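Student: This is what each chain is made of:
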Amino acid sequence: MIPLRLKIETDAIDPYVVRLRSFEGVAHDTPTLSSFDAVLGNATGESADFSGGERTLRVFGIDASDVNGDVLFVVPRRGTAHRLIRANSRHNTLLVTERCDQLCLMCSQPPKKQHVDMLPYFETAVLLSPENTTIGLSGGEPTLFKSELLEFLRRMLAARPDIDFHVLTNAQHFDRDDLAKLGELDLNRVLWGVPVYSSDPYVHDGIVAKPGAFDKVREGLSILCQAGAKIELRTVLMKPNAAGLADLAGFVTTSLPFVDKWAIMQLENIGYGRQNWDSLFFDSSRGFDTVGKALDLAISRGINAMLYNFPLCTLPPNYRPFAPSTISDWKRTYVSECAGCGLLDDCGGFFEWHPKAHGYERFGVT
Amino acid sequence: MTVWPLKFRDLPNGTLLFSDDAGGFFLGSGEFLGRYARDALSPDDLRFLRGNGHTFEREGDPDWTSFAYRWAGRQSKQQELSYLILVPTLRCNLTCGYCQVSRAPEAARGFDWSNETLNASLDFIGNLKGPDIKIEFQGGEPLLRVDLLEQIRAFTRSKFPRSQFVVCTNLQRMGEVEWAFLDQPDTFVSTSLDGNHETHTRQRTGDGLATDTFFGNMAEAVRRLGPGKVSALPTIDVERPPDFEDLVENFEHYGIQSIYLRPINHQGFARRRKNEPNAIARWNALHSDFVDFLIIRNHRTGRYVEEYYFSQCLRRFLRSGTDDHVDLRNPNFSASDYIVVDHDGQLYPTDEARMLSRIGRVDLSIGTVASGVDQKKVQLLNSASINNFDADCIHCVYQPFCGTDVVDDLSRDGHIDLIRSETWFCRRHISLFDKVVEVMTRRDDAARQSVAKWAGVPSWGDHMVPVHA
Numbered sequence: 001m002i003p004l005r006l007k008i009e010t011d012a013i014d015p016y017v018v019r020l021r022s023f024e025g026v027a028h029d030t031p032t033l034s035s036f037d038a039v040l041g042n043a044t045g046e047s048a049d050f051s052g053g054e055r056t057l058r059v060f061g062i063d064a065s066d067v068n069g070d071v072l073f074v075v076p077r078r079g080t081a082h083r084l085i086r087a088n089s090r091h092n093t094l095l096v097t098e099r100c101d102q103l104c105l106m107c108s109q110p111p112k113k114q115h116v117d118m119l120p121y122f123e124t125a126v127l128l129s130p131e132n133t134t135i136g137l138s139g140g141e142p143t144l145f146k147s148e149l150l151e152f153l154r155r156m157l158a159a160r161p162d163i164d165f166h167v168l169t170n171a172q173h174f175d176r177d178d179l180a181k182l183g184e185l186d187l188n189r190v191l192w193g194v195p196v197y198s199s200d201p202y203v204h205d206g207i208v209a210k211p212g213a214f215d216k217v218r219e220g221l222s223i224l225c226q227a228g229a230k231i232e233l234r235t236v237l238m239k240p241n242a243a244g245l246a247d248l249a250g251f252v253t254t255s256l257p258f259v260d261k262w263a264i265m266q267l268e269n270i271g272y273g274r275q276n277w278d279s280l281f282f283d284s285s286r287g288f289d290t291v292g293k294a295l296d297l298a299i300s301r302g303i304n305a306m307l308y309n310f311p312l313c314t315l316p317p318n319y320r321p322f323a324p325s326t327i328s329d330w331k332r333t334y335v336s337e338c339a340g341c342g343l344l345d346d347c348g349g350f351f352e353w354h355p356k357a358h359g360y361e362r363f364g365v366t
Numbered sequence: 001m002t003v004w005p006l007k008f009r010d011l012p013n014g015t016l017l018f019s020d021d022a023g024g025f026f027l028g029s030g031e032f033l034g035r036y037a038r039d040a041l042s043p044d045d046l047r048f049l050r051g052n053g054h055t056f057e058r059e060g061d062p063d064w065t066s067f068a069y070r071w072a073g074r075q076s077k078q079q080e081l082s083y084l085i086l087v088p089t090l091r092c093n094l095t096c097g098y099c100q101v102s103r104a105p106e107a108a109r110g111f112d113w114s115n116e117t118l119n120a121s122l123d124f125i126g127n128l129k130g131p132d133i134k135i136e137f138q139g140g141e142p143l144l145r146v147d148l149l150e151q152i153r154a155f156t157r158s159k160f161p162r163s164q165f166v167v168c169t170n171l172q173r174m175g176e177v178e179w180a181f182l183d184q185p186d187t188f189v190s191t192s193l194d195g196n197h198e199t200h201t202r203q204r205t206g207d208g209l210a211t212d213t214f215f216g217n218m219a220e221a222v223r224r225l226g227p228g229k230v231s232a233l234p235t236i237d238v239e240r241p242p243d244f245e246d247l248v249e250n251f252e253h254y255g256i257q258s259i260y261l262r263p264i265n266h267q268g269f270a271r272r273r274k275n276e277p278n279a280i281a282r283w284n285a286l287h288s289d290f291v292d293f294l295i296i297r298n299h300r301t302g303r304y305v306e307e308y309y310f311s312q313c314l315r316r317f318l319r320s321g322t323d324d325h326v327d328l329r330n331p332n333f334s335a336s337d338y339i340v341v342d343h344d345g346q347l348y349p350t351d352e353a354r355m356l357s358r359i360g361r362v363d364l365s366i367g368t369v370a371s372g373v374d375q376k377k378v379q380l381l382n383s384a385s386i387n388n389f390d391a392d393c394i395h396c397v398y399q400p401f402c403g404t405d406v407v408d409d410l411s412r413d414g415h416i417d418l419i420r421s422e423t424w425f426c427r428r429h430i431s432l433f434d435k436v437v438e439v440m441t442r443r444d445d446a447a448r449q450s451v452a453k454w455a456g457v458p459s460w461g462d463h464m465v466p467v468h469a
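Protein sequences appear in the order of chains A and B. Residue 323 in the UniProt record's numbering sits at position 323 of the first sequence, and the numbers go up by one each step. Residue 206 in the UniProt record's numbering sits at position 206 of the second sequence, and the numbers go up by one each step.
Note that these hints are calculated values from the structure, not bench results. These numbers were taken from a predicted model, which means no experiment stands behind them. Glycine is no exception: its CB is placed at the ideal position from the N, C-alpha and C atoms.
Simulated restraints on C-beta separations: (1) A/Val365 to B/Arg162: 34 to 42 Å; (2) B/Asp324 to A/Val116: 48 to 56 Å; (3) B/Asp186 to A/Tyr202: 53 to 61 Å; (4) B/Gly255 to A/Val365: 24 to 32 Å; (5) A/Asp346 to B/Gly255: 24 to 32 Å.
Using 25 Å as the maximum straight-line C-alpha spacing, the simulated DSS-like pairs for lysine-lysine come out as follows: (6) A/Lys261 to B/Lys77; (7) A/Lys331 to A/Lys261; (8) B/Lys77 to B/Lys129; (9) A/Lys230 to A/Lys261; (10) A/Lys230 to B/Lys77; (11) A/Lys331 to A/Lys112; (12) B/Lys159 to B/Lys134; (13) A/Lys112 to A/Lys146; (14) B/Lys453 to A/Lys261.
Looking at chain A on its own, in the form it has when it is part of the complex (with noise of 0.2 Å):
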C-alpha cells in the first residue's frame, strides 16, 4: 500500500500546504519554483530532508523520488503531513468534510460530526497539481457546504483550465436556485457522482439511513440534469437492493436517461462496510442473473453501464468487457488464487483489505 499519511519534522508553528520538489529522475531544466516549493537536500534511507522558503522539513519512510510534486499539507503540532495530491497518481481526492446527512449501510468513510474548513488549502493543493489531472472532492457530504464548494469549483476550474473534477455527493442539497451557480462553472469538467441503490423508495431510503432521500436525489439529479451536469451514476451491489437491481436498471433508462455513466459497484469492505458485511456482501458469481439482467437492459437503452470492482473471472466471458479495472493502484491487491491467471493484466482485483475468503463460489477462470 502507499502511505498517504507521512511522518515529519518541521520548524514550522502552523499548518502549510507545501510542494516537493526532489527532481531525481529529471532530466531537463530545473523548473520554476514557487514559494510553496520545497527542494530535496540530504536524503539518507529513513528521512529526506527538504527546504523551501523559511521552512525545514524533513519526511520519514519515503523514497525522495516517488514524492517529487506531491503536495503535502503539514501538521506540524502532530507531526505529519497528508499527501493531498501524489504527483503519479490519477486517484488524488479531496476529503471536503466528514460531515454527511445520511448514514449508509456500508459507507466507507464513516462521517464524523465536526467540520474543518480545509477548502483554503486545498485551493493551494489544486493550483500547485500536476497537468491535465482529475480531482476527486468527497466526504462526507461535500454539498452540505455546497455554496463554499461551488465558488471553489468555480475558481479552480477558472485558474486551472487543464484540471477536471469528480465530485462525490448525494445530490441531496440542490435546488433550482442552484441552477444560476451551476450555470458559470464549466461543466464539461465537472464529473458529478451520484448513488442511487434502488428503485424502490423504501430501500434506496433504507440504505442510506434517511426518509425522503429517493425523492430528494431524483430532485437533485433532475436539475444537474437541467443544468447540463456530466452525471456518473453509483449503486453498490448488495444483499438488499441485489433482487431489485434489474428494476433499478428500468429506472435508469427511463427516469434518468441523462446520466453520462452508471457504475454498478462491488461492496468494498472498510467502514460501515466490514462492520456489516456479512448481511450486506452479495455473490455476484452465483447471483449474477440480476446483474447480467440490469445490465443488459441499460446497454441496450444506450446508458453507459459498467461493472465496477467486480473480479473478471467471477463474470460470465460476455459481461467482462463492460468491467474495467476500477480500483485505485494504491488500494488493489490479488489473492493467492490469481497467480498466472490470464486475465490478471485487465482485471482490476481486490480492494488490499478485502477478506481473504473473498465469497466468490465461483472464481478462477475454467
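Let chain A serve as the given structure and place chain B on it in line with the hints.
Tutor: Then chain B, alone, in the frame of chain A:
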C-alpha cells in the same frame, strides 16, 4: 397524473405495440388499449405506465424532465459540416446495368473537375471548421483521377491532422499508383461486391474474366490494407437475388461481417428500367428472409454476421442518438453535416439528389462549390425533412425511430405531399420495424443470440421488452 400520448399497432401474435413520442415502448393487450381509449385506466395500468416512463405529475417534475430529455435525444442534432462527398470525375471503366450515379464513358471529355472546381473545392475544405473531417471520393470511378485525389488529401491533411478518406472504387483496374494511394493509414476503401461470381458478372462487369480480376483485387485490398479498411456493399436485384449462402460466405471470405443489402435504386440509370409496382413488397420479403437466414446461420457457425441496415433500425428502436446513418434520422436537414460536390462543381444535399438532378427530373442543386451553399433552397428542402408533424407519421407507432427522405419521395413520385403509407420509404421502414419487433420478441436461442450481438448487448431475453397485460 398525466399520461403522454401513446400510439399503437397490432402485432401478428394478437398483442399490440405501444410507443410514445420519446421512443418509450411496450407490448400491451387489446383490453389495455380499450381502457386507455375510454380513459378508464386501472391503478395497475397507471403503476405500469409510471414505471415505464409514460407519465408525469407536474410540468418540470423529474418524470417530465426525463421524458423531455428522452424526446430531445430522439431528434437528430444540427451539426457542423464535416463530411464531404466529392465527385472528381463522372467517368467510369465499368457499365453496370443498375448504375446509381449516371456515369460517363471512360474516354468522354468534360466530366472531370476543372482547375477552377479543384481550387474552389480546396477553398471550401479550407473553410471547414474541423478538427475531424471525412472526405469520401465518389464517381464515376475516382481512381481514374488519382492526381486530383492526391491534391485533395494532401491539402486536407495539412489543414486537419485528424482527417479520414474513403475511396468508393470498383477495384477493377489497379496499378501501383492506385495501390499506393489506398495504402495509407487514414484512407479506407468502399466497394461493390454483388454476392457471388455469377451475380457480380451479370450486374457489374458483364465479363467473367473481369470479375476474376475484381475478386483478385478485393483479396489484395484486404491483404494489403487489412480487413477493417475495406468495406463492401451488395446491390440486390429483387427479381434475381444471389444465393444468400454464397453471398454471406463471400463477404466473410473477405473478412466483412456487416453486409448492407441495397435495393437497386430508383434513380440514375437504374430508374430507366421498368418500375414494378410490387417491387417494395418483394424487397421487404427478401430482406426479412435474409434476416431470418442470418439468424439461423449465425447460430450454426457461432460467427455473427449482421445486415447493416437492420441492425441500425434495431439500435434506433432501442435507443436515441443512433443518427450516424444519413438516410435514417429525423429531422434530416440538408447540408447540415455533409454535402456533395459534383464533377461540375454543383453542390447537392445527397448523392441521390445529385442523380435526380442529373436525369433532369428536378434541380436539387443547392449552390456551387465556388459560390457556396444556397441557404434559401436548403431551407425549402428542410421544411419537408421532418416527420414530427407529418399528418400520417404522427399516428405511427414507429415515428420516433423512423426518419424522413424528401429526395426519395421526389425521385419516386415527383412530389412530396403524399399519403405517407404509400411511399417506398414508409413501406420499407414499416416492414423493417415490424421485423425488428418480431425478432426482438422471439424466444428461441438463435434469435436471441443474434439480436444481442446486433444490439451490442451481452445477452437478450424477456427482460428486454416491457410487457403490460
